[in-house]
Amino acid sequence: MKKTWWKEGVVYQIYPRSFKDANGDGMGDLRGIIQKLDYIKSLGVDIVWLCPVYKSPNDDNGYDISDYRNIMDEFGTMEDFDELLAGFKERNIKLVMDLVANHSSDEHRWFQESRKSKGNPYRDYYYWKPGKPEGGPPNNWQSFFNGPAWEYDEATNEYYLHLFTKKQPDLNWENPKVRQEIYDVIRYWFDKGVDGFRMDVISVISKQLAFPDSPTEDFTTLVERYYANGPRIHEFLREMNENVLRHYDIMTVGEGPGIDLENGPLYVGDGRQELDMIFHFGHMFIDNGPGGKYDPVPYSFLQFKKVFAEWDKRLSEAGGWGSIFLGNHDFSRMVSRFGDDDTYWKESAKMLSTLLFTLRGTVYVYQGDEIGMTNVAFSDISHYQDVETLNAWKAAEAAGKPMDRQLELVHMQSRDNARTPLQWDSSENAGFTTGKPWLGLNPNHTSINVAAQEDDPDSILNYYRKMVRFRKQHKDLVYGDYLDLLPDDEALFAYERKGGKHYLIILNFSASQHKVPLQNFENRELLISNYSSTDNSLSLQPWEAKVFLIN
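The sequence shown begins at 0 in numbering that gives the first Met the number 0 and counts up one residue at a time.
These aren't lab readings, by the way, just hints derived from the structure by calculation.
Errors might be hidden in some of the hints.
Pairwise CB distance ranges (calculated) [said to hold, decoys possible]: (1) Pro-295 x Asp-190: 41 to 49 angstroms; (2) Asp-457 x Lys-128: 55 to 63 angstroms; (3) Lys-88 x Asn-522: 40 to 48 angstroms; (4) Arg-245 x Asp-81: 21 to 29 angstroms; (5) Leu-260 x Lys-191: 33 to 41 angstroms; (6) Ser-378 x Lys-131: 42 to 50 angstroms.
Backbone N, C-alpha and C define an ideal beta-carbon position, used for all residues, glycine too.
With the hints as extra help, turn the sequences into a complete structure.
Written out as structure tokens, the structure reads:
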């Protein structure tokens, strides 16, 4: 297997509006990140993924871009960005940005021109369609954020497609001019010195041009059957690679809603000349019901383990590479979702990080997870900012659903769980800002914060640092083979990693003690554990993790 810097690197994801505010306006900014460059370096990470900082009206927190070559006023200036980039380079940290190429903002110049008339030169930059003869949108597609995926525009008596909010019209990748515009944007940032892109919802850029009605209201089926993996998706990605990507020493990772085990390797397989990695969501959508995340079904731990095993096998067979993550800006906090954020908060947060750093694939750590930040439970919907959350709330109200139950779902599922400001210390605003935070702080910042953990050798923060070093010292944990040993165990996750060296990893996903039912690992040496004990046995305390070298 070919070895590269982006396979061995550890990625730290920064959501800039919630990272650090330097000017006191309540919103994180580029200068706030600059102030914390040494902290980022101290984590041991090699790559930073920076969520969008482009000019935007912020209907979807920067994923609605009005100018791809300028910086959002709230975040700073291009001079600030250049200083930040130079600061990363001085510390040998690579910078990866977000590429939002499926849609722009409706305030982008292209769309402003496009909506003026049917004959405008930019009209074909987007998908404009007349309504059905009997009235209404061109088809029954629904947006990712609830409601129709089409918005009527009186000026020309047509609808435009928006798979996300109505202020995020989908770009028409069938138009070669659009593709060249995007390639020029990519070149602009690469020539500045950026080291790669995380490509937002890249799996949906190719559309089914017949725009058929969907016979089902099951949103997961809608995405898989009609939105993702369109007829020209791989042609477009190969063209992008040929035109731009292959000419730079960079990394690419595609966000892939609708990507599955069958088509996933087509994006990253050896010789495909498309992307380096993808984010699949098999383990992240595991509790989504027919109506999506706000229509949940029981979570399956067995399915959770199966997702990792199946993806590792398929990508290995295809010569492709995966992304290992348990949280980001679009999901609940990982310790609240997959661990125990109450009685065994510290133990489970450390155990989950052990899982991250001992699987095959590039590891992604989301800001705040390194200190065990948890979900927030605001008392009222008025405290939430996330457009997805608010749209789901309105839909539940309109459907007459019990709103006390809906608030419980918001507490579990809202993207704002991951977007509350980073907790730097126990002061009034958690050291995030001297002003009023753009989004409310989690009240537990008085006990869960960087300052409280910085000098504590037993802290979650220092365990993360330890695991980063550990992975770099044991390259077989990056490249070695993976084998799930207990696929049917309801509490234990046990697997082998084999390369030049042989490792056994055992993880307890429960609040009970367990004896791991494994044989043939007698000659083992305990290398690392999230408990202070040096117990070499195959017995695990609640939420304990052990990594052994097998001799």
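| said: Check the structure against each numbered hint from earlier and tell me which ones fail, lowest number first. | reply: Hints that this structure does not satisfy do not exist here, as all of them hold.
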